[in-house]
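Peer 1: Heads up: the protein sequence lines correspond to chains Y and E, in order.
Counting in the UniProt record's numbering, the final residue of the first sequence is number 580, and the numbers go up one at a time with none missing.
Counting in the UniProt record's numbering, the final residue of the second sequence is number 580, and the numbers go up one at a time with none missing.
These aren't lab readings, by the way, just hints derived from the structure by calculation.
We treat Cβ as the ideally placed atom computed from N, Cα and C, and that holds for glycine.
Take the hints with a grain of salt, since some may be wrong.
[Said to hold, decoys possible] Partial list, computed: chain E residues near chain Y (C-beta under 10 Å):
1. Q84
2. C145
3. V154
4. L161
5. G363
6. F573
Protein chains: 2
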Amino acid sequence: MAILSFLSRASRTYKGYPKLLVLCTLSLSSGGLVAYSESQPDTRAPHVDPNEKEPKKKRVVVLGTGWAGTSLLKDLDASLYDIQVVSPRNYFAFTPLLPSVTCGTVEARSIVEPIRNIVKKRKGEVKIWEAECVKIDAANNKILCRSNIENNLVGNREFFLEYDYLVIGVGAQVNTFNTPGVKENCHFLKEVEDAQKIRRSVIDCFETAILPGLSEEERRTNLHFIIVGGGPTGVEFAAELHDFLEEDLVKLYPAVKDLVRITVIQSGDHILNTFDERISSFAETKFRRDGIEVQTGCRVLSVSDKDITMKVKSKEEVCTVPHGLVVWSTGIATRPVVRDFMEQVGQAKRRVLETNEWLRVKGCENVYAIGDCATIDQRKVMEDILSIFEAADKDNSGTLTVEEFKDVVDDILIRYPQVDHYLKSQRHLRDVTDLLKDPQGNDWQEVNVEQFKLALSHVDSQMKSLPATAQVAAQQGAYLSRCLNHIIQCEENPEGPRRFRGSGRHRFRPFQYKHFGQFAPLGGEQAAAELPGDWVSIGHSTQWLWYSVYASKQVSWRTRILVVSDWTRRFIFGRDSSRI
Amino acid sequence: MAILSFLSRASRTYKGYPKLLVLCTLSLSSGGLVAYSESQPDTRAPHVDPNEKEPKKKRVVVLGTGWAGTSLLKDLDASLYDIQVVSPRNYFAFTPLLPSVTCGTVEARSIVEPIRNIVKKRKGEVKIWEAECVKIDAANNKILCRSNIENNLVGNREFFLEYDYLVIGVGAQVNTFNTPGVKENCHFLKEVEDAQKIRRSVIDCFETAILPGLSEEERRTNLHFIIVGGGPTGVEFAAELHDFLEEDLVKLYPAVKDLVRITVIQSGDHILNTFDERISSFAETKFRRDGIEVQTGCRVLSVSDKDITMKVKSKEEVCTVPHGLVVWSTGIATRPVVRDFMEQVGQAKRRVLETNEWLRVKGCENVYAIGDCATIDQRKVMEDILSIFEAADKDNSGTLTVEEFKDVVDDILIRYPQVDHYLKSQRHLRDVTDLLKDPQGNDWQEVNVEQFKLALSHVDSQMKSLPATAQVAAQQGAYLSRCLNHIIQCEENPEGPRRFRGSGRHRFRPFQYKHFGQFAPLGGEQAAAELPGDWVSIGHSTQWLWYSVYASKQVSWRTRILVVSDWTRRFIFGRDSSRI
Ligand SMILES: Cc1cc2nc3c(=O)[nH]c(=O)nc-3n(C[C@H](O)[C@H](O)[C@H](O)COP(=O)(O)OP(=O)(O)OC[C@H]3O[C@@H](n4cnc5c(N)ncnc54)[C@H](O)[C@@H]3O)c2cc1C
Ligand SMILES: Cc1cc2nc3c(=O)[nH]c(=O)nc-3n(C[C@H](O)[C@H](O)[C@H](O)COP(=O)(O)OP(=O)(O)OC[C@H]3O[C@@H](n4cnc5c(N)ncnc54)[C@H](O)[C@@H]3O)c2cc1C
Chain Y
1 MAILSFLSRA SRTYKGYPKL LVLCTLSLSS GGLVAYSESQ PDTRAPHVDP
51 NEKEPKKKRV VVLGTGWAGT SLLKDLDASL YDIQVVSPRN YFAFTPLLPS
101 VTCGTVEARS IVEPIRNIVK KRKGEVKIWE AECVKIDAAN NKILCRSNIE
151 NNLVGNREFF LEYDYLVIGV GAQVNTFNTP GVKENCHFLK EVEDAQKIRR
201 SVIDCFETAI LPGLSEEERR TNLHFIIVGG GPTGVEFAAE LHDFLEEDLV
251 KLYPAVKDLV RITVIQSGDH ILNTFDERIS SFAETKFRRD GIEVQTGCRV
301 LSVSDKDITM KVKSKEEVCT VPHGLVVWST GIATRPVVRD FMEQVGQAKR
351 RVLETNEWLR VKGCENVYAI GDCATIDQRK VMEDILSIFE AADKDNSGTL
401 TVEEFKDVVD DILIRYPQVD HYLKSQRHLR DVTDLLKDPQ GNDWQEVNVE
451 QFKLALSHVD SQMKSLPATA QVAAQQGAYL SRCLNHIIQC EENPEGPRRF
501 RGSGRHRFRP FQYKHFGQFA PLGGEQAAAE LPGDWVSIGH STQWLWYSVY
551 ASKQVSWRTR ILVVSDWTRR FIFGRDSSRI
Chain E
1 MAILSFLSRA SRTYKGYPKL LVLCTLSLSS GGLVAYSESQ PDTRAPHVDP
51 NEKEPKKKRV VVLGTGWAGT SLLKDLDASL YDIQVVSPRN YFAFTPLLPS
101 VTCGTVEARS IVEPIRNIVK KRKGEVKIWE AECVKIDAAN NKILCRSNIE
151 NNLVGNREFF LEYDYLVIGV GAQVNTFNTP GVKENCHFLK EVEDAQKIRR
201 SVIDCFETAI LPGLSEEERR TNLHFIIVGG GPTGVEFAAE LHDFLEEDLV
251 KLYPAVKDLV RITVIQSGDH ILNTFDERIS SFAETKFRRD GIEVQTGCRV
301 LSVSDKDITM KVKSKEEVCT VPHGLVVWST GIATRPVVRD FMEQVGQAKR
351 RVLETNEWLR VKGCENVYAI GDCATIDQRK VMEDILSIFE AADKDNSGTL
401 TVEEFKDVVD DILIRYPQVD HYLKSQRHLR DVTDLLKDPQ GNDWQEVNVE
451 QFKLALSHVD SQMKSLPATA QVAAQQGAYL SRCLNHIIQC EENPEGPRRF
501 RGSGRHRFRP FQYKHFGQFA PLGGEQAAAE LPGDWVSIGH STQWLWYSVY
551 ASKQVSWRTR ILVVSDWTRR FIFGRDSSRI
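This is chain Y alone, in the form it adopts within the complex (with noise of 0.2 Å):
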C-alpha cells in the first residue's frame, strides 16, 4: 500500500515514457524541492529552557514525530510560533518501506531521518524533546512528558510543556484483540525496532532449524512462519519473506529450504479485502503459485510461545498449530494518554478520538489532532438540513428556487464533502442542481422543505471515515500546518464557507482529503496498484511504478539515495542474513 500523491499527476504527466525515465524524473524533481530547503542549515544557538515567557508568539505543542507531525513541522512557522515537539523517538520513518526493513530488502537506517535534521532550516528555532507525553491536561492547557531512555544518566526525567495550541499526532498501538498470549508471543510491525527484531528472528529461525539433534518435525515447527492478518502490512511481510526465501535463504541453509511454511491468516473472505476485487484475487491466486498457504475466514483465539489456536469460522472447527514466528498485523486501537485525554472532553463512549473537519478535538478549543490517532466526525447534511434549507431561502419565501439553490451550491459541497462523493457515485446525475428533481426527472420549479429533505435524502449515505494511512496523516499535517499559518489574516478575511447554522463564514474551509490510490507489493518483482479513477494495475511494470513513487516520496536526498542503493545492492549481492 502505499501513497500515490504524485502519482496522479505523474501518470498524466508521463504517459507512455519509458519506466525507468518516469522513476529517475519523480524521484529528482520531488527531491529536489526537498534538497532546496535543506540546503540552508540553521546553526544558531537556541536557549533550552522551554516554558521561558516570549508573550508575543503562541507555544504551539506538537506530539509525534511519525507522518503527521512531521507533514505539519515541515512546514510550520517557526517565525509565528514557538514551536515544541514531544516524541519518544527522535526521527521520522517512513513506514511503507517497514516490511522492506524485515526482511533485509531495505537497511532500517535507510527509512529514517532525524527529525532535527527535517526542521533545521526553519526560520525559527524547534525545540524537540524525546520524551513520551504521559498526560494531557487539558483543563490547564499543559502536558506531562517524561523521557524513555532507560539508563543511568542523571536529572529529572518528567517536565510539564504549557501550550496554546496543542497537536495531537500521537498515532494508534497495535490492537490485539485482548486474545490472550499475542502481546507476549507475537511480533509486531510497527515501528523500525520491530522490523529489525523481526528480521533477527527470522535468522535465528533458520539457524536453530538446522541445528544437529534436532527432529525434521521440530524443524519444520521452527520454519513455520505465521503472519495473523491479511491486510496490505501483512501481506507484504508474507510477499517479502516468500522472496528472501527463494532468493538468498535457499542458497545458504539448503538443508532445511523444503520445510519451510508460510501462512497468512485472515478473518475476512478475502486478504487485501479493502482494495479491488481483481487485486485481492490476483494476489490470492499468486500467493497459492508461491506456495503461501491463505487461511481466511478464521479467527485467532490464543498464542502461545510453541503455537497458536484459531477457530475456522464456517466449521466451528479450533485447531491448533505449532509456529516459529508469528507476525501480529491486524489493526490499531487508541494509545492510553489519547484515551485519557478523551475521557477528560467528554469523548470516554467513543472508540476513536474525534475532531470536527477543521481536526478541532471536539469538546476542546486549542486541541487538533491528525494522523491515525484521532477520526473526522463529518457532519451529516441531513442535521443541518433546517439551516441549510433557511440560508438559501433568502426571501423567506418558504420555498426555494432553483436559483437560490445555485447561490449556496458551492458552500454545501466544500462544507458537505459527501454530497460530491454522492454525485459522483450516482451516475444520472450530472450536476448537484440534477438532484433537485421530481421523482419523474423533471425538474422542480420550486421546493419547499420537505421536497428539499427528500431530494438530499441520501447524500450522507457516501459517508465513510478516512483510513488510517500515511497518506491521510501527511495531507492533514500539511493542512492544519497551513491554518495555523494563516490563522490571523483568516480571522479578517475568512476563506471558509459560510456558517448555515450561524453568521458569517468558517476561516477556513474544512480538510478534505485526497486519495492518490494505494500500493500492494506482491514479491517476485510485482506488485499491484489501486490507482485513481478505478485504474487497476498488476505485475511487474507496477513494481518499477511502487519504486519510483517510494523513491520520489522520501523525506530527504540522504535517505533517497540509500533506498535506491539499497534495492541496487539487493539486486547484485542479495540480502544480508548476519544476525545483528
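Given the structure of chain Y, go ahead and fit chain E with the ligands onto it with the hints provided.
Peer 2: Frame of chain Y, contents of chain E with the ligands only:
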C-alpha cells in the same frame, strides 16, 4: 591500528602514484580475487546430521568465525575434510572498523559478512552451527555446544560434536581486571552489538542532556564521555566521537555543544604506547588541541552508574568524576571455555593457552589454537643448544667448524625465528656466521660447546610474544589451513627444518609472523601509521592510505562497496543521529 599486509607490497608497487589511484587499484585488485571465487556458488543440498560416519574424511571442527577462524575456513579444503564450524555468531566482522560503527561513520551491516556466504564456494560442504562451544572434552575428542538464541523455538539446544582435529579460534574476552562495577556500568567495544549500543547511548546522552529542567551541572555530567584505555581502540573511538560531535552533533544540539567533555584515561605514561614515540606524542598533541583530555598514569579503582573513581599514580590521590558514558577498552582475557580446557591439558597455571610453533596446543595431539585465544611458546635456542651442537657436529669431533655450522644455519633460522630478529637488531652482525667470532671480532676456526653456547647466548633476548591483532590471527588461520591441506604430502615429503632433538625433519615450517605495520586514525581526517622499516607516516595522506588499505582488506565485494559508499555518504550528508 590496522593490518597492512598489502601495504608493504603496495608501497613498493605504487610508490609515487597519486593516492586515489592506490586506493582504487588496491581495492580492485585484492577484491578481484575474492569476487572471482565468490561467483561460483554451490547449492548442493547438504545433510544435517553432523555425526554421521564418513569413513574417508577426517573431521575438523573449527571454533569461532573471527579473523582466525574465517581465514582458516577460506582455504581449508572441504574435499579433504568433513568441516564443521561452531560459532555463536553467523558472520565474520571486520573489527578494525568497529570504532567507526560507534558513531555511524560506517554502518554495522557494512562490516559483516555471513560466514555461509564466505564458505559457500567451497569444493565440499561446510557445516555451520550457530552455537557456543561450552566444553571441550579433550580426552574423548568431542565438544559440547549450546545454541545461545533466546527465544521460543523448539528442539534441544545442546549437542555434542566429535572431532579428529579441533581448531580453537574463539578469540578473547574483555579484561576488566576485576575492577568493581565495570561489567555493570561500562560499555565495551568488542562485538558489533557493542558498537551499536554505544551509538545509541551517545545519542541518549545528548537527548537527555538537552531536556528541559536539568541544571547545567547535570547536562555536563550526561555529556561527559570517558574512555578507559589509551590503546589504539580507545584512541580511535575518542577521535571518532570528537569528529561526530564537531561535524554533526553541534548543528543538531547547539544548545549543549559547549558542555561536552571527552576524557581518555590511560594507566601508562602515554597513549598509543605500543606505537612509535613520534606517533604517540603527535596523538597527545592533537588530542590536546582538539580539547580531548588525556589523563595518563591513572588507574581506575571502580565504576558506578554515576561516576568513576581513579587513582593518579604519581600523586597517590583518589578522585571521583561523574560520567554520562564510559567505554572500557583495556585489554583481553581468556574465555572460560578455554580456561577449562587449559586445566585438562595441564596448562592450568598459565595465563594464556600455549601452543607450539606449529600452533598445536601443548599437551594435546590434535588440537590447534589460533588468534587471540592462544599464544605461541617459542622454544629458546639455549634449551636446545646441546642438541644443535651435536646435530651440527657431524664428525662427532666435539668441536664445530664454520662449515659445519653453515650446514645447520638455515634450519636454525627457520626453527628459531628469534635468531633472525637478533641479527637484525645488532647492526654489527651482517651474517649469522658472524656470531662465531671471538670477543676480539676474529673468526673462530672451531668452537667447542662452551664457546658455542657463549656465541648464541644472547639470541633468545629478541623473543617476544605476538600481539593480539587481526593481522596475526589471519596469518595463523591461513598458515594452519595450508598445513592441514598438505598434511599427507608433508608426511611423506616433510618441508620443515631438521629436528635437532630427534631424527628427520619437521613436517612443516613453523608459523612465522610477518608484521606489515599498524595504523592509528586520530580524527579530523588525519591518521598515523607505523610502516615496515621503521617508517612513520602521519597526517591527511596517511588517512587516505588508511581508507585504501581498509577498503582493500574487506572480505567481500559487497562489504567493500558498502564501506566505501558509507564513507562517501558521510562526506556528503554527515552521520545519521536517529536513535535506532
Ligand atoms: C508496516 C506499515 C506499513 C504501512 N504502509 C503504508 C503505506 O504503504 N501507505 C500508507 O499510506 N500508509 C501506510 N501505513 C500506515 C501509516 O504508517 C500510518 O497511517 C501513519 O504512520 C500514521 O501517521 P501518524 O503520524 O498518525 O502516526 P505514526 O506515524 O505512527 O507516528 C506517531 C508518532 O507519535 C509518537 N508517539 C507515540 N506515542 C507518543 C506519546 N505518548 N507522546 C508523544 N509522541 C508519541 C511516535 O513515536 C511517532 O513519532 C503503514 C503502517 C505500517 C505499520
Ligand atoms: C574495536 C577493535 C578494533 C580492532 N582493530 C584492529 C586493527 O585495526 N588491526 C588489527 O590487526 N587488529 C585489530 N583488532 C584486534 C582484532 O580484532 C583481533 O585480534 C582479532 O579479532 C582476533 O581474531 P580471533 O579470530 O582470534 O578472534 P575474534 O575475531 O574475536 O573471533 C572470535 C570468534 O569466536 C567466536 N566465539 C566466541 N566464543 C566462542 C565459543 N565459546 N565457541 C565457539 N565460538 C566462539 C566469536 O563469536 C568469534 O566469531 C581490533 C579489535 C577490536 C575489538
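Peer 1: Using Cβ atoms only, decide whether E:G363 comes closer than 10 Å to chain Y, and label the hint accordingly.
Peer 2: violated, 29 Å
Peer 1: For the hint on E:F573, just tell me whether its beta-carbon gets within less than 10 Å of chain Y.
Peer 2: With a closest approach of 4 Å, the E:F573 hint holds.
Peer 1: Using Cβ atoms only, decide whether E:Q84 comes closer than 10 Å to chain Y, and label the hint accordingly.
Peer 2: The hint holds - E:Q84 has a Cβ within 10 Å of chain Y, the shortest such distance being about 9 Å.
Peer 1: Holds or violated: is the Cβ of E:C145 closer than 10 Å to a Cβ in chain Y?
Peer 2: holds, 9 Å
Peer 1: Given E:L161 was flagged as interface, is its beta-carbon under 10 Å from a beta-carbon of chain Y?
Peer 2: holds, 8 Å
Peer 1: Classify the hint on E:V154 as holds or violated, based on whether any CB of chain Y lies nearer than 10 Å to its CB.
Peer 2: holds, 5 Å
Hint compliance for this structure: hint 5 is the single one not met.
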